[in-house]
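Trainee: The primary structure of each chain is shown beneath.
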Amino acid sequence: MKVGVVTFPGSLDDVDAQRAVRIGGNEAVALWHADADLKGVDAVVLPGGFSYGDYLRCGAISRFAPVMAEVVRAAGNGLPVLGICNGFQILCESHLLPGALIRNDHRKFVCRDQVLRIENNRTAWTSSYDEGAEITIVLKNGEGGFVADADTLARIEGEGQVVARYLEVNPNGSLNDIAGITNDRGNVVGLMPHPEHAVEELTGSGTDGLGFFTSLAAATFA
Amino acid sequence: MPKPEILDPQGKAVLGALPRLGFTGVSDVRQGKRFELEFSGEVTPEVLAEVEKMAETLLSNPVIENYAVTVEQ
Chain A
22 MKVGVVTFPG SLDDVDAQRA VRIGGNEAVA LWHADADLKG VDAVVLPGGF
72 SYGDYLRCGA ISRFAPVMAE VVRAAGNGLP VLGICNGFQI LCESHLLPGA
122 LIRNDHRKFV CRDQVLRIEN NRTAWTSSYD EGAEITIVLK NGEGGFVADA
172 DTLARIEGEG QVVARYLEVN PNGSLNDIAG ITNDRGNVVG LMPHPEHAVE
222 ELTGSGTDGL GFFTSLAAAT FA
Chain B
29 MPKPEILDPQ GKAVLGALPR LGFTGVSDVR QGKRFELEFS GEVTPEVLAE
79 VEKMAETLLS NPVIENYAVT VEQ
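Line by line, the protein sequences are chains A and B.
Numbering follows this note's numbering, with no gaps: position 6 of the first sequence is 27.
Numbering follows this note's numbering, with no gaps: position 30 of the second sequence is 58.
Everything labelled a hint here was simulated from the structure, so no lab data went into it.
Every residue gets a Cβ at the ideal spot worked out from N, C-alpha and C, and that includes glycine.
Check the hints yourself; a few may be wrong.
As the list claims (entries may be wrong) - DEER-style ranges, computed between Cβ atoms: (1) A:ASP58 x B:LEU86: 16 to 26 Å; (2) B:GLU66 x A:ASP56: 41 to 51 Å; (3) A:GLU189 x B:LEU65: 38 to 48 Å; (4) B:THR98 x A:GLY97: 20 to 30 Å.
Work the whole structure out from these sequences, hints included.
Mentor: The structure is reproduced here in structure tokens:
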């Protein structure tokens, strides 16, 4: 499958995401924020970083980049979209995912190997994992506190839209220890920690993140 | 402004700093943003409606923030 990785001005992890896509067995296609063109890809990754310098709010300006109009339209038609960290923030600002991400409750940037539990393996990006699987991948964020109003929170919990939850410690004040969520259709996933940094033994905490990049093929051929 | 139910870590940091400077009696601090938009012509109801739209779509995130629009001559 062809997986597009969008580069915004200020994206940091686009090259790592492209690499993770390839290691996961798919073809990585570079997409540019200013081009309203998805180049015929089968899925899109919005990578981490500080797009547009995080000016105004994280993801607020990226949401209106020409490529995002195409991503929002295609996501509505079922295109798998994964937003990691800043990509998660962009998905919330785009209203493709409910809630928002605010500054960590302890006000410090956090960078740690984080244990997560996969709560929902029925999404386009998590089908390679067993439900309840515990994985360790790196987390690095300053504004990763997931918030939503009480009704929204009850709905995403009730509908099984929580994809991953923090275990052992809540590193950023996210409500209900939420590390990642999906939309009601399961094609759009936002995740605050970085699976693309955990795909090879050589670096990082291991290869627990690889499942996010192998799930697409598994879902297609299942 | 961040909605009342949304945690405001920046406001909390300011609240913590005030007593260290000898300022007492402040029970809470909330930090928001202010945008000043300039128009060369008259601010008609139509212009104001456009500003409301700007506030709702870009300047604020209605999921976590409230906004208010005021006009100054």
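Trainee: Each of the hints needs a verdict: does it hold here or not?
Mentor: Cross-check of the supplied hints:
As the Cβ distance of ASP58 (chain A) to LEU86 (chain B) is approximately 23 Å, the hint placing it in 16 to 26 Å holds. A beta carbon spacing of about 32 Å between GLU66 (chain B) and ASP56 (chain A) contradicts the range 41 to 51 Å that was offered as a hint. One distance hint, 38 to 48 Å for the beta-carbon pair GLU189 (chain A) and LEU65 (chain B), holds here, with the actual separation near 46 Å. The beta-carbon spacing between THR98 (chain B) and GLY97 (chain A), approximately 36 Å, falls outside the hinted interval of 20 to 30 Å.
Hints 2 and 4, counting from the list given before, are not met by this structure.
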